[in-house]
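Asks: Chains as they are written, first to last, in numbering that gives the first Met the number 0: chain A, 0 to 409; chain B, 0 to 226.
None of these hints come from the bench; they were simulated from the model.
The beta-carbon is built from N, C-alpha and C at its ideal position, and this holds for glycine as well.
Take the hints with a grain of salt, since some may be wrong.
Unchecked claim - With a straight-line cut-off of 25 Å between C-alpha atoms, the simulated SDA-like cross-links for lysine to any residue are: (1) A:Lys311 x B:Asn72; (2) A:Lys14 x B:Ser138; (3) A:Lys4 x B:Thr141; (4) B:Lys160 x A:Met0; (5) A:Lys311 x B:Asp77; (6) A:Lys235 x A:Asp75; (7) B:Lys139 x A:Met1; (8) B:Lys139 x A:Asp75; (9) A:Lys311 x B:Asn113; (10) A:Lys311 x B:Lys57; (11) A:Lys311 x B:Pro97.
What the hints assert, rightly or not - Covered stretches of chain A, as calculated for chain B (at least 3 residues, CB under 8 Å): (12) 2-10; (13) 74-80.
Claimed, not checked - Which residues of chain A face chain B? A few of them, derived with a C-beta cut under 8 Å, are: (14) Arg298; (15) Glu299; (16) Ser309; (17) Pro402; (18) Thr403.
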Amino acid sequence: MMLLKIAWRNVWRSKLRSSVVILAIASGLIGGLASTAWMNGMADQRIESTFAIETAHIQLHNKTFNENFEITKTIDSTNYVLNEVRKIKGVKSATSRISIQAMASTASNNTGVTLIGVDKEMEKEVSMVYSKIDSVSGNYLETKSRVIPTIVVSKALAKELKLKLKSKIILTFQNYNGDLNGSPFKVVGIYKTDNSKWDKRFVFAKQSDLRRLASVPKDETHEIAILVDNYNEAKKISEIIQNKFPQIKSEDWAVIQPYTEMMTSYMGIMMYVFMSIILAALGFGIVNTMLMVILERTRELGMLMAIGMSGKRIFIMIMLETVFLSLVGAIVGEILSYTLIEYLGVAGIDLSSMAQGIESVGFSVVSYPKLDLYSYVEITIMVFITSVIASIYPAYKAVKLNPTEAIRSI
Amino acid sequence: MSVIKIKNITKTYTETEVPVHAVNGVDLEIEKGEFTAIVGPSGSGKTTLLNMIGGLEKPTSGNITINDTEIENLSSSDLIDFRLRNIGFVFQAYNLIPVLTAKENVEFIMSLQNIDKAEINKRTISLLESVGLGNRVNSKPTQLSGGQQQRVAVARALASKPQFVLADEPTANLDSVSTSQLLEIMEELNKKENMTFIFSTHDQRVVDKAHRIITIEDGKIISDVRK
Chain A
0 MMLLKIAWRN VWRSKLRSSV VILAIASGLI GGLASTAWMN GMADQRIEST
50 FAIETAHIQL HNKTFNENFE ITKTIDSTNY VLNEVRKIKG VKSATSRISI
100 QAMASTASNN TGVTLIGVDK EMEKEVSMVY SKIDSVSGNY LETKSRVIPT
150 IVVSKALAKE LKLKLKSKII LTFQNYNGDL NGSPFKVVGI YKTDNSKWDK
200 RFVFAKQSDL RRLASVPKDE THEIAILVDN YNEAKKISEI IQNKFPQIKS
250 EDWAVIQPYT EMMTSYMGIM MYVFMSIILA ALGFGIVNTM LMVILERTRE
300 LGMLMAIGMS GKRIFIMIML ETVFLSLVGA IVGEILSYTL IEYLGVAGID
350 LSSMAQGIES VGFSVVSYPK LDLYSYVEIT IMVFITSVIA SIYPAYKAVK
400 LNPTEAIRSI
Chain B
0 MSVIKIKNIT KTYTETEVPV HAVNGVDLEI EKGEFTAIVG PSGSGKTTLL
50 NMIGGLEKPT SGNITINDTE IENLSSSDLI DFRLRNIGFV FQAYNLIPVL
100 TAKENVEFIM SLQNIDKAEI NKRTISLLES VGLGNRVNSK PTQLSGGQQQ
150 RVAVARALAS KPQFVLADEP TANLDSVSTS QLLEIMEELN KKENMTFIFS
200 THDQRVVDKA HRIITIEDGK IISDVRK
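Isolated chain A, as found in the complex (with noise of 0.2 Å):
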């Protein structure tokens, strides 16, 4: 107790310098804990919507479909499968497409998309598509039309395309009897989500239209997307209805997309190393502080020394000392981070000026910080250890003092 109260009074016996090593602790802390908060926000945001736009949780497919995206390898009883899957415990909803390869034309220009047909009410389950077109954008397949199929396309492809709401776009596409058809259809709406690459690929229209003008047998689809209540349960999820239905392809979406299962990995490393990397630079900085303190109060350790205090009371007492010194600097460095952290969560970073290269790789150009609670207690425990470790070779110093020689010192 009272080596407490020594080592507690000794951290603010000069005031300034503690005060300094706290400010460089804290600041550490905040860059650390900022860029990872903005990263971990990225990635997030990144990862909502590649599930809410692009892959949902889990898909089925034919399993010879991906191959070349061939519109005969449809799966057969579409809504037997529908329904024996959404009593799966843990699958949240899910919606059947038909996807066709097609060739997008207009009077000015021309290029190749993926034409989704959709269950309208059920798709708006799984896809949020329907919530990335604004209100002077149109609609998600919402206005009738008797003469021709409506159809949903991105901002990037309209404007590729020179195409505006009610424009005319011909989709040409191989239909399931192998003959080539080509269909006008009048565009309801203009969706923008944060990923320029994917809008640029993706048009929907209703499934009953396109089932209708590429012959595709009633009750067979391309694909069943599905979500479910916890994105880490998809795998298992994903088995199960593999081993429920053998004669089709399940992946969930660590297999359909890699490169955000990597994502998630890579983040959670970027923030050890980011971390280590300052605490390490922390932990030079703490060692030369203790190291000054020692050489300053050399005397008053040999004087302890001298009336009997053993060595290993000495080694506890500088561990005490860093470590209380750091811990002070890492709770103000989190307080200061987590009210900065809260504000950028709200306000966000706005990263406009670069908004062309952000959105190509599928990045929202406004970023949310975040990050939970774990982190926080986590970079607490690492600044604990590296103070521990960085108090060893002070406080060695300080036990290896020849107490007669210390007392002498000025």
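Given chain A, work out where chain B should sit, using these hints.
Replies: Chain B alone, transformed into the frame defined by chain A:
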């Protein structure tokens, strides 16, 4: 009864170009309750002798026995523990722990001995009262005068109930009033509690109070006078 028995000790420093014989063949016995001053010119070897008695330095040869324990044979950690339980130290520069109050400075030494908290508190108050600082228990060293700090140091030295107190030039930094007060306190403790005090000093006022005066020169005792 001898508290300290010193037999033919020498201390030679060989770090210098020419070896320095700081203490050269000293034999000495200190009895329980003696109030002894070791005097001599600077560099005569008094502090080295005191350091060796206190187990802070090991003699090059000879042996020192304190209450039947030959201290030169103790390991470093045993020696620290031995000092804690048997020897009280008073230094020229007071050397109190600056972050602790007068009371805590005295308590500290007892906390190292793992003494019961209630006992520590009782003894601390009693010691600080005996050195005339009962009203300054919560003062930090920087709030005390030099004389008051040295009195706290004396209370601290006595806190562990040592066999004897070693005081290295305890009055060197004190004015005459503080010196008189300090000497009176130590004399009182010597009489009342039969506490053994050994001083190294240049101060004639300390010499005048001492019951035994050992003069040392060139590392050798040249006179040993009991009053």
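Asks: Failing hints, ascending?
Replies: The structure breaks hints 8, 13; every other hint is satisfied.
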